[in-house]
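Asker: Next come the chains, spelled out residue by residue.
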Amino acid sequence: MTATTHPTYIGARVPRKEDPRLITGDATFTDDVMLQGMAYMTLVRSPHAHARIRRIDTAAAKNEPGVVAVLTGKELEATGMLPVFITVPGMNGSKHMPIATDKARYAGDAVAAVVADSRNAAKRAADLIAVDYEPLPVVIDGTKALEPGAPIVHEELGSNLVFTYPVKGGDIDKAFKDAEITVTQRIVNQRLIPNAMEPRAVTAKFEAGELTLWTSTQIPHFVQLIVALNLGLGQNKVRVIAPEVGGGFGSKLQVYAEELLVGHLSKTLGRPVKWTEERREGYLATIHGRDLVENVEIAAKKDGTILGLRIRTVANVGAYLQAFAPGIPTILHAFIIPGPYKIPAFDVEVRGAYTNTTPVDAYRGAGRPEATFAMERIMDRLADEIGMDPAEVRRKNFIPPDAFPFNTISGITYDSGDYEPALDRALAMADYKGFEKRRAEAKARGNYRGIGISTYVEICGLAPSKANSALGVGWGGYESARIRVHATGSVQVFTGTSPHGQGHETSWAQIAADALGVTPDDIEVRHGDTFESPGMGVGTFGSRSLAVGGIAVHKAAEKIREKVVQIGAHLLEASPADVVVENGKVFVKGVPEKAKNFGDISMAAYLASNLPDGMEPGLEATVYYDPPNFTFPFGTHIAEVEIDGETGKVRIERYSACDDCGRQINPMIVEGQLHGGIVQGIGQALYEGAVYDDNGQLLSGSMMEYHVPSAEDVPMFNLDHTVTLTTTNPLGVKGIGEAGTIGSTPAAVNAVIDALSPLGVKHIDMPLTSEKIWRAIRAAGEGRR
Amino acid sequence: MSHAVTVTVNGTSYTREIEPTLLLVEYLRETLALTGTHVGCDTSQCGACTVLVDGRATKSCTMLAVQADGAAVVTVEGLAKNGELHPIQRAFAKEHGLQCGFCTPGLMITAVDFLERNASPTDTEIRHAIEGNLCRCTGYQNIVNAIRTASAEMRQAAGARPQVAEVKR
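So the protein lines, in turn, are chains P and C.
My numbering numbers the first residue of the first sequence as 1 and each following residue consecutively.
My numbering numbers the first residue of the second sequence as 1 and each following residue consecutively.
Hints are computed from structural coordinates only; laboratory data are not their basis.
Hints should not be assumed to be uniformly reliable.
To be verified - Derived pair list, reagent style DSSO-like, types lysine-lysine, alpha-carbon separation capped at 30 Å:
1. P:K585 to P:K17
2. P:K555 to P:K466
3. C:K94 to P:K237
4. C:K94 to P:K466
5. P:K596 to P:K555
6. P:K466 to P:K437
What the hints assert, rightly or not - Stretch-level coverage of chain C by chain P, calculated; a stretch enters the list once three of its residues show a Cβ under 8 Å from a Cβ in chain P:
7. 45-51
8. 86-95
Cβ coordinates follow ideal geometry from the N, Cα and C atoms, glycine included.
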């Protein structure tokens, strides 16, 4: 009697339930919330990357018409500190106040807050605040920050070292001693700026002792928890609502200063307060991603067999530790570096470093793209050194399908996998065999053509709570769901996940519909309101929502179904084993003409006059699902590029990917997730990169200087998939939100380097801009003049 | 000093006293409470704020509301007519051309203007036309599909009507 025996909607391209309001302008984003008597907050941000705050003169600002309040850090200490949810061994945590009090530690660090009747009045007043700064020496590079004599970002810690995180397995010395070949590559995984299209925003009101806070977040329950604890309110008096959220990609996976400030100010000023980020402000004050420098060494035999891998990494965490920052270059990076390969010896050490830059935290993939990039670049370098086809080097080292569950050298257990079919399908789609002809044709045009492969395994479904705890994650990795069937048969699903483009309303309705024998149209999925949902929702990040939150919905729906069957059996005077629930009907097997409607059963549950003996009235179920393991999706991405011999401009001519995320609930949504992820990964490979000058000024400080890919920068993508069910959960689902970003960056870079390999080019650091490539071509003595 | 400005928005004429510094997007969102038009970047890079001003796609974060005096503006709220969705709206939903939906109003408006001028575009022309509208979610593939789908539907609806000369860029 499981719902998955005859799935009807699971696996179907069901149109999205979210779309009608989004295509008509009816949707409400946080900045769309307009309240009577609302005031507006603006923050004054340090123009210096590192400066002692000597004095702040607010007198002129306070006299500006329309100003409600002007407050410095000392007056706002009641907001408490910003939280960090992960503690790795030996970690030197930073004190992070919403408004800096002693010194500013990055350009953009807030030093004062203004509240006024209008945005313009707040901005005018902010300009009148005079801050006396004493500029201090600046360090922006993670490696330099760890050198003796570097400026210290947090004096009380004594150094900029945040942590040293080793992950080891096997005999690495023996591996390098036995090696027939070793290859070393320094890899820079540059800093990225997330650029969710909706800037962050917070709106709050405080009425009758209750704070309602709308915020553009991926984790409304964590915001509720921290706001309640820090502001001294009962959790029952803090309602956090994540309304429509316009993209996140990890950048809204925080409890931010502005959430605490707006909450505090609306409470103390007694009127609604709103803050809306300007894009340039977001570039400075919303978290950045990546920023790792890795020294990667591989030991191998000349036939391509990997013997060992040694990596030394410096992770630039920025000026303060953010909520999940300690877990990203460590747990989500180091453990997954082996990817789809058998690696007998493994020695990784990651050091975190504070610098005078914007704090770094999760950006789509968060650790896994960095891991895959390091592994896939060194695989191509190895293939090049031993003169072996890159596809075959990968194939040779794949974990075989009969080895699952597979314990990796890094100490995790892969659930399931079958890597060769994905590789073979991608190779076929890419016409890999026919490539050399296309390379020759491009050469005849004066261009360089290359093909690049990336095979990956990622870690999703974060996470078993006990594993979380063992790894230093300070909160469980479960997810919650509550299903309420009303007396009339209307179904509401409340989920702890917090979607911002992923279409959970649709996918969760598909899952519940199959279990309850109704249609997705019969089901309303609600999310992001902490006063509606179960007591705690963990939220949406790390490709966890389906594999944890979707399963919670499935299990809650199964509980409801079980009760429907019991009530149906009682009313139909049959054995529960003979009761069928489908198409909105409940009937005895073989007797569909004597069916009860689904609504008859729910009505009976609430009338309660004729229920089985001992049965509780009502038809509701709440589930907290804690998965037994992570999930490990995988796949192969292949990019083919052509480089203009004259300008160095890269054009992606063909892109083929075969991904395996287990069972697909809605293939349309799966494909959409891949398309978007692939473009973000290509963005890193070719276009995007945060640039600071030596004084810590962000030179790539707006969309004018930082190139977010446009429609003209990318091609159509050819997608295929295999289905290898996970053993972790009953639906066999793994997660797909980040796979595109993980697979595409190395594929694109490997393709460009392959194109330039006839010129002797071995590696170029990302982003592979036309200028860098043009220089490489010229350095090789080629290119038209 | 405020100015009396009359703008026709989605077919309704509004006269309001407004500050000369008020941006058109602020006028739409805050003065008229039409919040379907979004602000994504403040620097006219992202196109989330695109509306039609006298039929041409315009980034409303870089135009003052006083400049729209006497103009006819169409926002996302005005695309559907008499409860029936515009073909571009139907196509975005059908082709999964939106995920978070924040950039969607601006993209649909840009596409409406573009399809007025090019009734049967190639994919390359579509990509060029929406180059000033950024989307971080979809990777553009399904947006291109949606605009192509809408163009086909609009051509079919135009049916026997005399063909409008195509403007190729």
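Asker: So, against the hints stated earlier in the document, which numbers end up violated here?
Answerer: 3, 4, 6
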